[in-house]
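Visitor: Sequence:
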Amino acid sequence: MEAPGGTVTPHVRRLLDFAEPSPEDVCLDVARGSGPMPAALSPQVRQVTAVDAAPGPPARLDERGRATTVEFGTGPVRIADDPAAGSLHRAAVRRGNPDAVPAAAATQRGHAPDSIRVRAEATALPYQDDTFSLVTTRFSLYSLGDPGRVLRELLRVCKPGGRLIIADVVRTNLAGSDRDWIERLRDPAHPGIFSIAGLTELITSSGANVRRLDVFTVERPVEPWLAGAVSLSAAAQIRQALTDEVDGGPKTGAKPRIIGGELWFTQNWAHVAAEPI
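Take the sequence shown: its letters are residues 23 to 299, numbered as in my numbering.
Since the hints were made in silico from the structure, they are not lab data.
Please read all numbers here as calculations on a predicted model, not as lab measurements.
Backbone N, C-alpha and C define an ideal beta-carbon position, used for all residues, glycine too.
One or more hints might be untrue.
Just the calculated beta-carbon pair ranges, DEER-fashion [stated by the list, open to error]:
no., residue 1, residue 2, range
1, 55, 258, 23 to 29 Å
2, 151, 55, 31 to 37 Å
3, 39, 223, 43 to 49 Å
4, 271, 226, 37 to 43 Å
5, 66, 210, 36 to 42 Å
6, 238, 259, 24 to 30 Å
7, 194, 226, 14 to 20 Å
8, 299, 210, 30 to 36 Å
Let the hints inform the model, and build the full structure from the sequences given.
Guide: Written as C-alpha cells, this is what we have:
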C-alpha cells in the first residue's frame with residue numbers, strides 16, 4: 023500500500039471510514055511491527071506518528087518511566103538531511119513533541135505530510151498527556167503487553183474529545199472459547215479471543231466511553247495467518263485440524279472451508295470507537 027500506486031484494501035478502507043479522520047487530526051498508530059494504518063491515514067490528516075511496539079529488548083526509560091524514542095525510516099522527509107525540517111523539528115522539541123516533523127517541512131519539499139516512525143513500549147509511550155486527537159491500534163492490543171495497561175496508555179496520550187479506534191478479533195457474546203486452543207497453538211502467549219462484551223468492558227474500565235461499534239465476519243485464507251505460527255509443527259497441527267473439520271471431523275470453531283482449492287477460515291472482527299473520560 024505504501025508503494026507508488028498502492029491501494030487501500032477493503033478491510034483497511036472500512037476501518038479508515040470508521041475512524042473518520044479529519045485534516046486537522048494529529049494521529050498516533052500503535053502496532054506490533056509495521057501496519058497499513060499510517061499510510062492510509064497520512065493523506066487525510068495533518069500528521070501521523072507510527073509506533074512500532076513489537077516486543078523486543080527492554081527499552082530505556084526516562085525519569086518519568088516512559089520509553090525513550092528511537093526513530094527509524096520516515097520516507098521522503100529526512101530530518102538530518104533537510105535544514106528546514108531540522109529547524110522545525112528543533113522547534114517541535116522545544117514545544118515538548120520530540121518526534122514531530124510538521125507538515126510544513128514536507129510541503130516545502132513538495133511532498134504530502136509524511137508519517138513519523140518510532141520504536142517505543144506500548145505501556146510507556148514517550149509522549150505528553152493529551153497529545154493526539156486520533157489514536158489507532160489494529161490487531162495489536164493483546165500482543166503489546168497487559169491490555170489494560172496498554173489501553174490506559176493509549177487513552178493518556180489521547181486528547182479530551184479525541185478518539186481511540188481499536189480493531190481486533192472478537193467472539194460473539196454467546197460463543198464459547200472453543201477455538202482459543204487454535205490461537206494458543208499458533209501463539210502460546212495469546213490470551214484467548216475476548217467476547218464483544220469483554221472488550222467493551224475492558225475499554226470502559228480503562229477510562230473511556232464506547233461511542234460506536236462495528237462487528238462483522240471475515241473469511242480469510244489460512245496460509246498467510248499460519249505464517250505467524252510459533253513453529254512449523256504448530257502450523258501443521260492447525261492445518262490438519264481445519265482440514266479434518268472440512269472432511270466432517272470435530273468442530274474447531276473456525277468454520278473452515280475450501281475456496282478455489284485453498285483452505286479458508288472465519289473470524290469475527292470488531293471496530294470500536296472510544297473517547298477518554
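Visitor: Next, verify each hint and record whether it holds.
Guide: Outcome of the hint check:
Between residue 55 and residue 258 the beta carbon distance is about 24 Å. The supplied range of 23 to 29 Å therefore holds. Checked against the hint of 31 to 37 Å, the C-beta distance between residue 151 and residue 55 comes to roughly 26 Å, which is inconsistent with it. Distance hint check: the CB atoms of residue 39 and residue 223 are about 26 Å apart, inconsistent with the given range 43 to 49 Å. Separation of residue 271 from residue 226 is about 40 Å and conforms to the stated range, judged on CB atoms against 37 to 43 Å.
The hinted range of 36 to 42 Å is satisfied by residue 66 and residue 210, whose Cβ atoms lie roughly 38 Å apart. Checked against the hint of 24 to 30 Å, the C-beta distance between residue 238 and residue 259 comes to roughly 28 Å, which is consistent with it. Between residue 194 and residue 226 the C-beta distance comes to about 19 Å, which sits within the given range of 14 to 20 Å. Taking the beta carbon of each, residue 299 and residue 210 are about 35 Å apart, inside 30 to 36 Å as hinted.
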